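Given only the sequences and the hints, what does the whole structure look like? Please build it.
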Amino acid sequence: MKNNHNNGKAKKFGMVIDLDKCTGCGSCMVACMSENNVPFKADETDKRLSITWMLVYKLNNGKSHPDYDECYLPRPCMQCEGDHGHSPCVSVCPAVATDYSHETGIVSQIYTRCFGCRYCMAACPYHARYFNWWDPAWPADMEKYLSPNVSPRMRGIVEKCGFCFHRYQLAMDKAYYEGRDELEEGEYQTSCTQACPAGAIVFGDLNNPKHAVHKIALPDSKHGGRPKNPNAFRLLERLGTNPKVYYLSSRKWVRDSGDNYRPDEK
Amino acid sequence: MKIDRRSFLALSIGSTAGIHLTPLPWKLMDDMSIWTQNWPWTPVPQDGAASYVNSVCGLCTAGCGIRVRKIENRAVKIEGLPGHPVNDGRICSLGLSGLQLLYGGTRVKTPLKRIGERGAGQWQKISWKQVIDEISKKLSEQRKSGNPQTLGAICNSDRGTTSHLLNRFLTVYGSPNFLRTPSVQSSYEIATTIMNGSSGTVGFDLENSDYILSFGSGLLDGWVSPVRMIRAHSIWKDKKARVVQIEPRLSHTAAKADQWIAIKPGTNAALALGIAHVIIKEKLYDKNFVEKYGFGFEEWKDEKGQTHKGFKQSVLENYTPANVAEITGIDVAAIISVAKDFAKSAKPVALCGSGDGGAPVNLNEMMAVHALNALKGAINNKGGLQIVPNPDYILWPESEMDKTASKGIQTERVDGAGGKKYAQARSLLNRLPEVINASSESPLQTLLVYNANPIYTMADSVAVKEAFSKIPLIVSFSPYMDETASYSDYILPNHTYLERYEDSATPYGSVQQLISLARPVVDPLFNTKQTGDVIISLAKAMGGHIAKAFPWKNYRACLEKTLGDKWKTLAEHGYIVAKKDKAPDTASAKFDFAAQAVNTDSKNDAVAPADFKPADLDGDVTAFPLVLIPYDTMRLASGFVGTPPFVIKTVGDYILKENDSCVDINPQTAAKLGLTEGNKVILTTPKNKASVRVHLSEGILPGLIALPRGLGHSAYDKFLAGKGVNFNALYAPMTDPVSGLDMTWGVRAKISKA
Ligand code: SF4
Ligand code: SF4
Ligand code: SF4
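Residue numbers (the numbering used here), protein chains in the order written: chain A, 1 to 266; chain B, 1 to 754.
Keep in mind that the hints were calculated from the coordinates and are not lab data. Treat the hints with caution; some may be incorrect.
[To be verified] Cross-link-like lysine-lysine pairs, in silico, DSBU-like; alpha carbons within 35 Å at most:
hint: 1; chain 1: B; residue 1: Lys689; chain 2: A; residue 2: Lys47
hint: 2; chain 1: B; residue 1: Lys347; chain 2: B; residue 2: Lys613
hint: 3; chain 1: B; residue 1: Lys753; chain 2: A; residue 2: Lys47
hint: 4; chain 1: B; residue 1: Lys237; chain 2: B; residue 2: Lys281
hint: 5; chain 1: A; residue 1: Lys63; chain 2: B; residue 2: Lys283
hint: 6; chain 1: B; residue 1: Lys344; chain 2: A; residue 2: Lys252
hint: 7; chain 1: A; residue 1: Lys215; chain 2: B; residue 2: Lys590
hint: 8; chain 1: B; residue 1: Lys292; chain 2: B; residue 2: Lys421
hint: 9; chain 1: A; residue 1: Lys58; chain 2: B; residue 2: Lys718
hint: 10; chain 1: B; residue 1: Lys237; chain 2: B; residue 2: Lys309
hint: 11; chain 1: B; residue 1: Lys344; chain 2: A; residue 2: Lys144
hint: 12; chain 1: A; residue 1: Lys41; chain 2: B; residue 2: Lys680
hint: 13; chain 1: A; residue 1: Lys41; chain 2: B; residue 2: Lys753
hint: 14; chain 1: A; residue 1: Lys58; chain 2: B; residue 2: Lys687
hint: 15; chain 1: B; residue 1: Lys689; chain 2: A; residue 2: Lys63
hint: 16; chain 1: A; residue 1: Lys58; chain 2: B; residue 2: Lys750
hint: 17; chain 1: B; residue 1: Lys590; chain 2: B; residue 2: Lys347
hint: 18; chain 1: B; residue 1: Lys138; chain 2: A; residue 2: Lys58
hint: 19; chain 1: A; residue 1: Lys63; chain 2: A; residue 2: Lys47
hint: 20; chain 1: B; residue 1: Lys753; chain 2: A; residue 2: Lys210
hint: 21; chain 1: B; residue 1: Lys292; chain 2: B; residue 2: Lys237
hint: 22; chain 1: B; residue 1: Lys304; chain 2: B; residue 2: Lys590
hint: 23; chain 1: B; residue 1: Lys382; chain 2: B; residue 2: Lys403
hint: 24; chain 1: B; residue 1: Lys344; chain 2: A; residue 2: Lys63
hint: 25; chain 1: B; residue 1: Lys309; chain 2: B; residue 2: Lys283
hint: 26; chain 1: A; residue 1: Lys215; chain 2: B; residue 2: Lys237
hint: 27; chain 1: B; residue 1: Lys718; chain 2: A; residue 2: Lys41
hint: 28; chain 1: A; residue 1: Lys144; chain 2: B; residue 2: Lys113
hint: 29; chain 1: A; residue 1: Lys210; chain 2: B; residue 2: Lys237
hint: 30; chain 1: A; residue 1: Lys63; chain 2: B; residue 2: Lys718
hint: 31; chain 1: B; residue 1: Lys382; chain 2: A; residue 2: Lys41
hint: 32; chain 1: B; residue 1: Lys281; chain 2: A; residue 2: Lys58
Note that the structure is a prediction, hence the values are computed from the model and not measured.
Below you can see the structure in the form of structure tokens.
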């Protein structure tokens, strides 16, 4: 097969997040909120009710001082491919409000179709989906900063990270306008990738061996994209969700916290 | 019954059950989902032409470049400006949230005059013309009394044209009382004045360092230039530079460091001297640098011919690793190995100034740490501290002074900075409450507040409020209704940084000399005015030599004139990196290990770099068995800008839970006190008490409690006000006997069940 000549071939957009570099500053979270018209309310301290498409977790190694250690782990939607596009969330949606795109590898969320049954939330092993329990409100003049590229969501529907898909559309529009049907690596970058002060997030096409994400993670296509880089790992690898977000860490305990292991394992 | 979209859809699902086998209900569902989402209360943002405006962030002193995405005349997103020397396209969470401040509900929309009690929130709208008229009359009257020095101003910086205009106004009026908000930079300034004999400011060439020995500096927690520091951290990771973080709590900086040394708080100076001991003893110091530039390393004689012990001998005698281990709680082996690693690195640097650098450091510690840099020649060398000349592009003709002004300007500053006792200090805002509260009539009769929120940011909120209540006239220029604006008599709201032109000079900590230009991203939303324009108008209204000192038509004209041929480039490009046309400051190419400027026998408070004096904390040990320390996080702003809603949203529920601040406590300490995770407790210090929740953490030494800075606002809106506790309300400042700056690093405390 000679699919390398195939212009406009299927992409698999993905991320590599370097946990050695991530400082837990939270810029990625805010970059996401301000790009995607994410709502906010007076009390956001009940984290189950707080909408954060990108969420930075604080992990620790469970030890006592002086062996105690911490690590910060940003979690967007993993854009799981599952087995041939059978992402956990996509498989359960009765309204086809969420779908796996074979063209980009991105799991979409179509707000106008969602009617809020929240099956997908139950199915997602990464808590990447959020429910609008209230209508959003932008006090004072804040409606003015809303981006026309992302429609605001209302009460009763589910939302999540879609790798700033509108940025892909804008970049493709520009490319088509200029007579191209392929994007340069830097032309489509997510808002969090762009903002991260540490440069800890790298974004690109996992299918493209020239892209940094590919070169760093070295996804093994024969094994559901499992990384060949020994410092890279994916969250809950053993579930078979086949996520497109890879993490790097030089610390073993961090890599080990990516999955659940029985005490007697390994 | 109110039928909302959800119950409407749920109802329809029920009614369609039973005909599941046809695709119809799902189709209907889909249509209804679409239809209901067009219900009018979900906004549909208007589309239009997209454009970008390049500018500078104004939310802290780091001066990151920003580019703002606009749709027609709405600003919709702030991003970092690619290529900018400070942040190269990257940006922090506060900078990203700027539009919530611009469009948010805490703006002051028009000039206001207080009508009710101070702080009661009763205001009257007033026109710009009338407010300028009223204030200039009051100032003229005050001046006639012959005490022009009773006019004071508080400002976060002494750089840039607006600060200069304000300072110039004070000068021609006849007052020396321009007060700058203190920070770690104030301590660095004093240290370089004393030890390097230079008035320049310190730049940190950290991108080029290969061993970073940080005495609690929160390099990844907002220190000095937040985005630049995090970028530097990634560079260190790539080239395997080593970071050693010395502090009692596992901050983000400590968690990312190669080595975390949990030190007893308040003993940093001793550790620095212990490290110096090992380096000197093992002859690992940079002999060349020390011999060429150092003074007082060996025995020395003063002017009167009296002999003094050198730094070397003092350190060798008094700071053996065993002694230092005793003081700091760090074991001997660790002290020795850190000292050797530091000394054997090619480009090591030692830093101090804890947390985000918003607070000064005691002089003792500053000098001891600075001496470590000198021992390794890390001053004015690659990877070390660079003494950068102060920006000098604002060259206005000297202003004409009348008799009143000439007399007033000669009086001693109200805060004592530059006086006999605190000769090296440029400004000591921290001393103001104490000075005012000690006098029957406030030495300041009018106070102008620009880019500062002292009522929130200063130590001992009760004393600060008392002092401010004694000042008859307070004028705030804040664009937001912050604590100080709420407590003023007039608010003359500035445009926000996204609505105005303004230059920003070399940011503190920068090695490069940089000028950036902020420009209006959107037209002013409200009836606000650039403070520079207000000062010029006030001066003109006062007439005489004061008006003459401000020959510009308006602020914009002043800015263009001041920047001269740089204006064009700045207007096009947004920033200029000044060429290093100046030879390195030769005066700063020396290092006084003896700190003679402050270490003469005529002074009782003599302090040498080779001294460690344990600071006595406020409060009695038996009544207050624990020690409370503050900490900073990138997710809370603790300076003159309040944390916007997006950023508050990122704060963990182990920092803020509902409206309670959480304090970090080691599980051992908690167990002794019978406390478990989430307990509500009363935290008491000798100054104040507050209700907080317990968060158990292995990342803090036993016996300590840590409270995040940046919470406990009474002003702003429901997204910030009333959330948590302000650390500043819980402690009284400790004045450093030599520098005059606040050197508090903690306060005694106790915890009892609520
Ligand atoms: S912005 Fe970057 S450094 Fe900050 S938390 Fe996110 S990934 Fe980590
Ligand atoms: S992370 Fe969750 S929401 Fe995202 S694709 Fe996977 S299952 Fe779906
Ligand atoms: S670091 Fe300071 S200047 Fe830079 S974006 Fe953040 S708030 Fe603005």
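Hints and how they fare:
{"no.": "1", "hint": "B/Lys689 x A/Lys47", "result": "28 Å, holds"}
{"no.": "2", "hint": "B/Lys347 x B/Lys613", "result": "30 Å, holds"}
{"no.": "3", "hint": "B/Lys753 x A/Lys47", "result": "26 Å, holds"}
{"no.": "4", "hint": "B/Lys237 x B/Lys281", "result": "31 Å, holds"}
{"no.": "5", "hint": "A/Lys63 x B/Lys283", "result": "39 Å, violated"}
{"no.": "6", "hint": "B/Lys344 x A/Lys252", "result": "29 Å, holds"}
{"no.": "7", "hint": "A/Lys215 x B/Lys590", "result": "49 Å, violated"}
{"no.": "8", "hint": "B/Lys292 x B/Lys421", "result": "32 Å, holds"}
{"no.": "9", "hint": "A/Lys58 x B/Lys718", "result": "27 Å, holds"}
{"no.": "10", "hint": "B/Lys237 x B/Lys309", "result": "42 Å, violated"}
{"no.": "11", "hint": "B/Lys344 x A/Lys144", "result": "56 Å, violated"}
{"no.": "12", "hint": "A/Lys41 x B/Lys680", "result": "24 Å, holds"}
{"no.": "13", "hint": "A/Lys41 x B/Lys753", "result": "30 Å, holds"}
{"no.": "14", "hint": "A/Lys58 x B/Lys687", "result": "33 Å, holds"}
{"no.": "15", "hint": "B/Lys689 x A/Lys63", "result": "33 Å, holds"}
{"no.": "16", "hint": "A/Lys58 x B/Lys750", "result": "28 Å, holds"}
{"no.": "17", "hint": "B/Lys590 x B/Lys347", "result": "19 Å, holds"}
{"no.": "18", "hint": "B/Lys138 x A/Lys58", "result": "55 Å, violated"}
{"no.": "19", "hint": "A/Lys63 x A/Lys47", "result": "25 Å, holds"}
{"no.": "20", "hint": "B/Lys753 x A/Lys210", "result": "60 Å, violated"}
{"no.": "21", "hint": "B/Lys292 x B/Lys237", "result": "34 Å, holds"}
{"no.": "22", "hint": "B/Lys304 x B/Lys590", "result": "22 Å, holds"}
{"no.": "23", "hint": "B/Lys382 x B/Lys403", "result": "49 Å, violated"}
{"no.": "24", "hint": "B/Lys344 x A/Lys63", "result": "32 Å, holds"}
{"no.": "25", "hint": "B/Lys309 x B/Lys283", "result": "19 Å, holds"}
{"no.": "26", "hint": "A/Lys215 x B/Lys237", "result": "19 Å, holds"}
{"no.": "27", "hint": "B/Lys718 x A/Lys41", "result": "9 Å, holds"}
{"no.": "28", "hint": "A/Lys144 x B/Lys113", "result": "29 Å, holds"}
{"no.": "29", "hint": "A/Lys210 x B/Lys237", "result": "24 Å, holds"}
{"no.": "30", "hint": "A/Lys63 x B/Lys718", "result": "38 Å, violated"}
{"no.": "31", "hint": "B/Lys382 x A/Lys41", "result": "48 Å, violated"}
{"no.": "32", "hint": "B/Lys281 x A/Lys58", "result": "42 Å, violated"}
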